[in-house]
Amino acid sequence: MENFNVFVPRLLDAREYFSAGHRACQGCGETVAIRQILKAVGRNMILVNATGCSEIFSSPFPQTAWHIPWIHVAFENSAAVASGVEAALKTLERKGRLPKREICVMAIAGDGATADIGFQALSGAMERGHNMVYVCLDNEAYMNTGIQRSSSTPFGAMTTTSPPGRLSKGQKTWKKNLPEIMAAHDIPYVATLSPSYPFDLVRKVKRAVEVEGPAYLHVLAVCPTGWRSPTAETIRLGRLAAESGVFPLYEVDHGRYTINLDPGELRPLKDYLGIQGRFRHLKPEDLEYIEERVQANFEKLRGKARMTAREDRKDRKKTGRPRPRQVKKAARSKK
Amino acid sequence: MSKRVGMEVSIAVSEAVKLADVDIVAAYPITPQTHIVEHLSELVADGDLDAEFVCVESEHSAMSAVVGSSAAGARSFTATASQGLALMHEILFIASSMRLPIVMVVANRALSSPLSIWNDHSDIMASRDCGWIQYFVENGQESFDHVLIAFRVAEDPAVSLPAIINLDGFVLSHVIEPHILLDEEEVARYLPPFRPVSRLDPDHPVTMGDFATPEFYLEVKKAQEAALRDSRAVIDRGWKEFAELTGRQYQAVETYKADGAEVLLLAMGALGETASVAIDRMRERGLSVGLVKLRLWRPFPAEDLRQALGDARKIVVLDRAISFGAATNPVAAEVAGLLYDAEPRPRIFNMVIGLGGRDVRVEDFEAILEKALGEDSAPGPVGEYELIGVRE
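Protein chains in written order, with the working numbering: chain V, 10 to 344; chain X, 4 to 395.
Excised from the complex, chain X in its bound form (with noise of 0.2 Å):
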């Protein structure tokens, strides 16, 4: 199927759950991930979708149920944002150390207070160490695709892990876009059945979650972090075949005009998109300016990164939340990190855009990347970053 269709982002994103055949969705409302669970619950209403819907009272609820069902060997989805995600945190790290593959759309948003509903990264940010496998999308067809793309891996046997799909609020999940589809038989070639590693079965008793002493604690957490480390062969071999499946070909990292940039932008997210409009309007103009964009997040791709970030003597590294207090902003202090071995190191211009909602224009791009260009590539001073936009 290649015809493109014009749909809402989260109606394709509800499309792609029921191409899943998943069995259950457990879900709480919240702004904006409510056209998402509203549809998934029409599909299920008309027999489209053949599972149960869990109209939990809380996203603790939801994150509780959909761990439970998981358990019990059952495809399991929800969606949630913001302060949602935030109810869910306790349960998030359970999940991950339980090994169970449940797969989840965060439609981000800023956390309150003030309330806001509008978009930014705060949400998962805060939620960063939860253990799940961490993907951003920039458009329509990455959402719809990535819903496949994570059960695949998530299900993997050498995997089994949750995994999260960070879709900008609003901004992307209530745009309507070109999607293309797939039908049930290509679904059906690239996502086998649930097989879960181990399940509740009173054939075959087994104790999930218990509880470890100091002497086996550890052990536990290695071979978890391991587990998410060793995921990524699963993540590029999913994203290959897929690409031979439909064409589509997705990274952990990607660049757009990047060769021998002079500075490098990096962006995660629905800004992407806008991004590289102000890269190709730079370019025209003989600016030696660059794109880089991170779609996988957890496992973190370093040496992908490192690669993609090459030679540039400035990198912009763009945040969309603020780790408080911290020496740098989260998406900042990554690539710190990374590029603290680098010879030369590189200058990081650390720009936190976006919050709450805050319009982004390509302007806004044309104006950091210019700044940067002006400044020389001596590495400025510890955890300074700039609030773009921000009224002093």
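Only chain V is shown next, with the shape it has when bound in the complex (with noise of 0.2 Å):
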């Protein structure tokens, strides 16, 4: 532990920008996360949170977990709401009014807030080109209102609006998958986190911030209450995700894939559903049902990663030398 207290603030900022004494459940994995981006990012932040649980249990008047300017408008507009912030700080720097200084905007939401709700809010931000970071909490369905499904809950689920019965499996569509419609939307920066690989998580939430225009990061936010899993297994079962193929830990920098784990062989799918109560009514051949398809997704992803270090080794065989990081542009408010 003394090596720990040593070496850990100087790769992560010491201070907490979010409270201990907020209401999340036992066992939150999306607490864990937001904690973990408020450091990485730091105090030079504006931080809009769409409806949802990280807003209800961190803000309860009179009281707040946030040492941050934090807003909550809305659920479907974080996005929107994000766009007028950055909007405004542009203008009033460019006008003077206020002092020249990088300052992230951040919204984050759920993943009902992101990928149904709030999905057109989302897409027009980012088309828009918004020099902001969107953060998607994403625990597999509306928790807060109490584990109703989403377009985000995997196959096979049990949630309250999917239950499983004679005639069901319990959810039947396949999980949305927004990070790649994020990279459709050809934004600089795309990537997948899990608070599970903190070091992978920072890395990747420092390089959003850092990127010029808007920057989308999905996060796994394990969620005990709805997942019907064990609290103390929140993080290791953010690792069995990424194992498993599941929730595969990637990024899409400039339209570069680089998969940021890949185990070789995936993890047998049973090791992350069987913890999981939502997925206990699946038979065996369910599970197979569900792994082809992890793998064909997973396979899909390789095939990306490796058109990408294709034409890496073709840039650097015509120029001699890697293909530089895009990165920030100096002055921001330059118009």
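Keep in mind that a hint or two might mislead.
Unchecked claim - Negatives, chain V to chain X, calculated, CB over 12 Å:
1. Leu21
2. Gln35
3. Gly36
4. Arg103
5. Cys113
6. Asp125
7. Glu219
8. Arg237
9. Asn269
10. Leu270
11. Glu300
12. Asn306
13. Gly312
14. Ala318
Said to hold, decoys possible - These stretches of chain V come out as covered by chain X in the derived footprint (C-beta under 8 Å, 3 or more residues):
15. 46–59
16. 65–74
Keep in mind that the hints were calculated from the coordinates and are not lab data.
On a predicted model such as this, the values are computed, not experimentally measured, just so you know.
Glycine included, each C-beta is placed from N, C-alpha and C at the ideal position.
Assemble the dimeric complex from its two separately framed chains, guided by the hints.
Following this line, the structure appears as structure tokens:
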């Protein structure tokens, strides 16, 4: 522990921007992610929070868990609100009403607020190119209202609106692939993150802040309450999700794909699904069916990463050096 | 600057927004608001207005974006109409509850279905209780002036509430009228720079838009309601100082040849001008009729209106929207409530007029007023109203 206290603050801000004492459930994965994300960004930020668990458990008037400027407006519009904040800072700095300064404008929202009700606002904000970071905290259902299915709920999962029954195996549809949809917007940076891999998470958040223009981060937020999983297993579940290929850790930096964790042979799916009560009703043949799809998706992703590697090799041959990493231009507020 | 310039009312409104040196415009196109935002886009594109025009993907996002920009400390403007206002509905309430002094022009238009791009007030009446200051303007000059007045009042730290300027779609927004514009120096004297009560600032972190348990919600709502009611004093001061600057005097309720009239006509928005022609004609014929115009809709100027209606025994209340299935229509309900205690209680003739752009002529007002003159003043059946010009 002595060494921990010496080295960790060098890697990560020792200050807390998200207080203890909020009202999240025991073992809440999203809370761990928020804490790590804020440490990665630091104090120069403005956070727009969509309605959902994190908003509710962090801001019961007259208390707040936030040590940074924070605003909540509604469920479906955090990307639009953040657009307004970003545009305001840009204009006020340009007009000399505020000193020029790098402030990260970040929106955080759950999977329902991102993949369903806030999808249009998100797509609009990304298309307009606002210099902002949008973070989806994906716990794979509407947990705040009591575990109802969203378009981000995985196939077969039990939720209160996708219950298994005589005619049902639970969620009937495959999880909407938000990171790929965002990559299709041709924004500078898209990445998947997990608080089970804090240093990967921190590096990606910093990269998202650094790039000029919109960045989209998709975080797997393990939810013991909704997933019916032991609260002590949250961090392990995040690792199992990555190792089994269900939630691949990868990034798309200016169109270039990198898989950050490729275990080679994927871990058996039942290791991950087996400790979650929401998949308890599935039979071995159902697991096989899902596993096929998981493997195919991972293979597709490997294909994209290989394509990037090929392009890099070609670039190197042409120029004698790897393609330069595109970083933020100096003056954001230049018109 | 006192030269009269002929220009489209929408263009004049945009020029006022430019003079207000607005920082952020976030808007989505909808007829008949389009000329306002198109001209603002041009002003930004030419560098005449140093602002960001956020071309959002919906009105819901337009309102959300100006909530964000206002919270970040930027003077923020948007404009919409009809379906656009309906789509914003959810966020309207949040903007006022969060006390963000956004100014919005609503080019009033009918709500679907059937789809109608034409003028009435069904859009704003459906969002009536959104907690914003709400003005109704009658002509181009009032529209231009009220953009500046609205910002001045909304941003006053004692008020800190958003404001809607209701401007009748097409019949006002698209007509060319003479306007007396102000210059930058005059505006600078009237409208100080926006100094937000609090803003999103990393050096002074605040939490905005928290959630409240039943122990706290009620008190927040009380404070909000008190702020809207108390804004009246600031609105009056805003009008008074505007008059000192320009000589143009506005009041919450205005009367026209109303003294001692047997029948008073109560109108809002652009219909007021048409109605005043009818009053002139009928007064010439020796008929005892007068006009009362309601410029301020929220906070409702109850006392002013009671005085303006005076001792009139018969009051014709115009509504530009139907409150489906209600005891009576929006404006009439307000007036009936106001006059409940009046002794003797006057008779209210509620006329729903000009829905979905149905033309309203001077003769229509004459017919309505003549009919009221012919009736006695004993109160009629509850909820009785007439749809003017409807084909049975």
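Per the coverage rule (Cβ-Cβ under 8 Å, at least three residues), is the segment 46–59 of chain V covered by chain X? holds (count 5)
Taking 12 Å as the cut and beta carbons as the points, is asparagine 306(V) off the interface with chain X? About 29 Å separates asparagine 306(V) from the closest Cβ of chain X, which puts it past 12 Å; holds.
Confirm or reject: alanine 318(V) is not an interface residue toward chain X, with every Cβ-Cβ distance exceeding 12 Å. holds, 36 Å
Whether chain X covers the segment 65–74 of chain V (at least 3 residues having a Cβ closer than 8 Å to its Cβ atoms): Since 6 is at least three, the answer is holds.
According to the definition I'm using, a residue is off the interface if its beta carbon is farther than 12 Å from all beta carbons of the partner; does leucine 270(V) meet that for chain X? holds, 33 Å
Would arginine 237(V) pass as off the interface with chain X, using Cβ distances and a cut of 12 Å? The claim stands: arginine 237(V) keeps its Cβ more than 12 Å from every Cβ of chain X (closest is about 26 Å).
Cysteine 113(V): least C-beta distance to chain X exceeds 12 Å? violated, 9 Å
For glutamate 300(V), is the shortest beta carbon distance to chain X beyond 12 Å? Holds, since 38 Å exceeds 12 Å.
Going by Cβ atoms, does glycine 36(V) stay more than 12 Å from chain X at every point? Glycine 36(V) is indeed farther than 12 Å from all Cβ atoms of chain X, at 22 Å.
Is it correct that the beta-carbon of glycine 312(V) has no partner in chain X closer than or equal to 12 Å? At about 32 Å from chain X, glycine 312(V) clears the 12 Å cut-off, so the statement holds.
Does the claim that leucine 21(V) lies off the interface hold, with its Cβ farther than 12 Å from every Cβ of chain X? At roughly 19 Å from the nearest Cβ of chain X, leucine 21(V) sits farther out than 12 Å, so the non-interface label holds.
Check the non-interface label on glutamine 35(V): least C-beta distance to chain X beyond 12 Å or not. Non-interface label on glutamine 35(V) holds, nearest chain X Cβ at 21 Å vs cutoff 12 Å.
Comparing the model with each numbered hint stated earlier shows that hints 4, 5 do not hold.
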